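A.B. asks: Fit chain B to the supplied structure of chain A, relying on the hints for placement.
So the protein lines, in turn, are chains A and B.
For the first sequence, position 59 matches number 59 in this note's numbering, and the numbering has no gaps at all.
For the second sequence, position 64 matches number 64 in this note's numbering, and the numbering has no gaps at all.
It is worth saying that the hints were derived from the structure and are not from the lab.
Remember, predicted model here, so these are calculated numbers, not experimental data.
The reader is advised that the hints may include incorrect statements.
[Claimed, not checked] Some but not every residue of chain A turned toward chain B, in silico, with C-beta under 8 Å:
no.	residue
1	F46
2	T49
3	A53
4	F72
5	Y96
6	K97
7	F100
8	T102
[Unchecked claim] With a Cα cut of at most 27 Å, we get these calculated DSSO-like pairs of lysine-lysine:
no.	chain 1	residue 1	chain 2	residue 2
9	A	K107	A	K63
10	B	K3	A	K42
11	A	K107	B	K70
12	B	K3	A	K97
13	A	K57	B	K18
14	A	K79	A	K97
15	B	K18	B	K55
Heads up, the beta-carbon is just placed ideally off N, CA and C, and yes, glycines get one too.
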Amino acid sequence: EDQVTQSPEALRLQEGESSSLNCSYTVSGLRGLFWYRQDPGKGPEFLFTLYSAGEEKEKERLKATLTKKESFLHITAPKPEDSATYLCAVQAEGTYKYIFGTGTRLKVLA
Amino acid sequence: DVKVTQSSRYLVKRTGEKVFLECVQDMDHENMFWYRQDPGLGLRLIYFSYDVKMKEKGDIPEGYSVSREKKERFSLILESASTNQTSMYLCASSLLGGSGANVLTFGAGSRLTVL
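Next comes chain A alone, as it looks inside the complex (with noise of 0.2 Å):
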C-alpha cells in the first residue's frame, strides 16, 4: 500500500537553529515527490518538486533531497517567518492520486 509517514511530528527550533524534516514513503513507482507548505487556517503553498533520487533543488533557506526511500527538508539558518506546517505528498506512476503526509509542524523562535 502507497504510504508517506513525516517526522518529526512537531519541531522547535531556535532562530538560526539548522534542521532537517524526513518524509519516508512506500510508494509503486514514483512519479514526482511534493513538499508544501501551509501556514494555519490557510491552503497549502507548493515548495518543491522531486522526481528521482538523487534529485536536490534549493529556495531562499530550504533545500530538498530525495532518496529511494525519503526526503529530506533540509532548513538552513531558519527565521521566525519559518514556522508553518510542512507537507510531503507523493504521487505514484499510473495513478492520479497524491498521498500525503500528516506534516511536521514546525516552531522558529526569535
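C.D. replies: Chain B alone, transformed into the frame defined by chain A:
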C-alpha cells in the same frame, strides 16, 4: 500563477442543511480535487474530476457529492450536513498528463462548522 478560488472561507451550518462549496480555477487545468483536512489525519481525498461531467470517488466519498458542469468550476455538495463533517475543505487543481508529476495547486480552504 494558477489561482484556485474557494468561494467561502468560513461557514457555519446546522445539522441536516444542504451545503455547497464552490471552487474555481483560472488556468485551464483538467484535474480538480476536493480534500478534507483534519488534525492527525492529514489530507484525505473526497472526490476527483479529470474532465467536465466526469468524477471519481476518492478515499472518503460517503456523505458528499460533486458537480463539474464547466472546466473551471468544481463544486462539493453535502446533501445533509452532519457534525462529523466539520472540517477544513481544500480544493486543488492540476494539469492532466505530461511526462512528470503535476503540481497540485490549492485554494485557501473553506472552514466548515456543522452545529
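A.B. asks: Does K97 (chain A) meet its interface restraint, that is, does its C-beta lie within less than 8 Å of any C-beta in chain B?
C.D. replies: Holds, about 7 Å.
A.B. asks: Quickly compare the C-alpha distance for K107 (chain A) and K63 (chain A) to 27 Å and report which way the hint goes.
C.D. replies: 18 Å, holds
A.B. asks: Given the hint that K57 (chain A) pairs with K18 (chain B), does the C-alpha gap stay at or below 27 Å?
C.D. replies: 44 Å, violated
A.B. asks: Checking one constraint from the list: CA of K3 (chain B) to CA of K97 (chain A), max 27 Å. Satisfied?
C.D. replies: Cα-Cα ~21 Å, so holds.
A.B. asks: Compare the distance between the alpha carbons of K18 (chain B) and K55 (chain B) with 27 Å, and conclude whether the hinted pair is satisfied.
C.D. replies: Distance of about 20 Å is within 27 Å: holds.
A.B. asks: With chain B as the partner, please determine if F100 (chain A) meets the hint condition of a C-beta pair closer than 8 Å.
C.D. replies: 4 Å, holds
A.B. asks: Close enough to count: is the Cβ of A53 (chain A) nearer than 8 Å to one in chain B?
C.D. replies: This interface hint is violated because 15 Å lies over the 8 Å limit.
A.B. asks: Under the criterion of a CB-CB separation shorter than 8 Å, is F46 (chain A) in contact with chain B as hinted?
C.D. replies: Interface hint status for F46 (chain A): holds (5 Å vs cutoff 8 Å).
A.B. asks: Could you grab the alpha-carbon distance between K3 (chain B) and K42 (chain A) and see if it respects the 27 Å cut-off?
C.D. replies: Distance of about 14 Å is within 27 Å: holds.
A.B. asks: Mind checking the CB of T49 (chain A) against every CB in chain B and telling me if the closest is under 8 Å?
C.D. replies: 6 Å, holds
A.B. asks: Does the structure keep K79 (chain A) and K97 (chain A) at a Cα separation of 27 Å or less?
C.D. replies: It is violated: about 33 Å lies between the C-alpha atoms, which goes past 27 Å.
A.B. asks: Under 8 Å is the threshold here; is the Cβ of F72 (chain A) close enough to any Cβ of chain B for the hint to stand?
C.D. replies: Hint on F72 (chain A): violated, closest Cβ of chain B at ~18 Å, above 8 Å.
In this structure, the hints that do not hold are numbers 3, 4, 11, 13 and 14, in rising order.
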